[in-house]
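There are 2 protein chains.
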Amino acid sequence: MMDFLELLVKRRSIRGFLEKAVPPDTIMEIIKDSCLAPSAGNDQPWRFIIVGNKDLMKKLSDESKKNLLVDFAKNPSSPMKRYMQILQDPAYNVFYNAPCLVFIVESTEHRPPYVDCALAAGYFMFSATARGLGTCWIGLGANIREPELLKEIGIPEGHIIVAPIIVGYPKSIPTEIYRKDPRILKIIP
Amino acid sequence: MMDFLELLVKRRSIRGFLEKAVPPDTIMEIIKDSCLAPSAGNDQPWRFIIVGNKDLMKKLSDESKKNLLVDFAKNPSSPMKRYMQILQDPAYNVFYNAPCLVFIVESTEHRPPYVDCALAAGYFMFSATARGLGTCWIGLGANIREPELLKEIGIPEGHIIVAPIIVGYPKSIPTEIYRKDPRILKIIP
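As they're listed, the protein sequences go chains A and B.
1 is the number of the first residue of the first sequence in the working numbering; add one for each residue after it.
1 is the number of the first residue of the second sequence in the working numbering; add one for each residue after it.
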């Protein structure tokens, strides 16, 4: 059990993991915690996919990288262009060879889009940290479009990946990353 | 200080508040905690507006209700139509007469949209709960379009409200709301 204000500071994005499997029951507990997130109209739009197969993760990483590079070629001024170089490196795995990958998925018809699943992802990352695990939301890993691959991982038609989250036991805890001071646009007392 | 797994269960959406002001320093601490959320490329796109004036909140509520009703008239099959009746009630204040309202705002150019600010909103709601406060993300309160009003609350051009969150000391803690069992689309070991 971990105090929340301690957890707030301890949760870091983890990209290096021990060679130690995450117990399936622990993943299920974390997913159950994630379902406690609030959602618009209590819709609870979140669905989950659990991937523990590293070969498949590598395939999903390659697919996402390929699609992002196609997007950059079409739109060279994209704000994502800072990732161009790393995505061109064939050795780079967007999922960092993690032992487990969880996709949080919603229907494209859900309104408002993304925010409910993002809240569930926040719950997921806190619950995992409280259980001694490390996580990282891999935005670059959401660009899976090949119908065969979408079918293989069980994403129904009309659904999108909101949050790909890697999970595992951290090799080490990185030091705190730079934070800007809060930007308060206006206070109206 | 509150254990996280306790906090997970205790955080409820609060819509009834005591007549007790929230100390500005506490709001600033909660905002500082919110800025510890992870974000794509560590962009930290969140900006904050703090409103403590109930007359202004009522005006913002009326503006949002009016715009939502215009939208429903244009798109009668909108998934938001379940709110139609309540929005037509002039006495209904979407912000529930809370003592404080915080908007989390981002640039419309930020990519990916919404999710980073949604994570910050999750941090905000946990941090507030850990400090004995209650919150509710008011999705219906984000539809402010009148340029004069946007200027009055300090939203720069090219920015949107992702999360309007009401904050105050709860009158009572509602019982736990219905949760579906986790929907796992696929497990690939």
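Honestly, the hints are just simulated from the structure, not real lab data.
Just so you know, these numbers come straight off a predicted model, no measurement behind them.
Hints are not guaranteed to be accurate.
The list treats identical chains as one, so a pair stands whether inside a single copy or across any two.
Said to hold, decoys possible - Only pairs whose alpha carbons sit at most 30 angstroms apart, straight line, appear in this in silico BS3-like list of lysine-lysine:
#: 1; residue 1: 10; residue 2: 32
#: 2; residue 1: 32; residue 2: 66
#: 3; residue 1: 32; residue 2: 171
#: 4; residue 1: 186; residue 2: 81
#: 5; residue 1: 54; residue 2: 186
#: 6; residue 1: 32; residue 2: 180
#: 7; residue 1: 74; residue 2: 180
Hint by hint, here is what the structure shows:
no.: 1; hint: 10 x 32; verdict: both (22 angstroms within a copy, 15 angstroms between copies)
no.: 2; hint: 32 x 66; verdict: neither (33 angstroms within a copy, 37 angstroms between copies)
no.: 3; hint: 32 x 171; verdict: both (26 angstroms within a copy, 28 angstroms between copies)
no.: 4; hint: 186 x 81; verdict: neither (32 angstroms within a copy, 32 angstroms between copies)
no.: 5; hint: 54 x 186; verdict: between (48 angstroms within a copy, 16 angstroms between copies)
no.: 6; hint: 32 x 180; verdict: between (33 angstroms within a copy, 10 angstroms between copies)
no.: 7; hint: 74 x 180; verdict: neither (32 angstroms within a copy, 41 angstroms between copies)
Hint violations for this structure: numbers 2, 4 and 7, all remaining hints satisfied.
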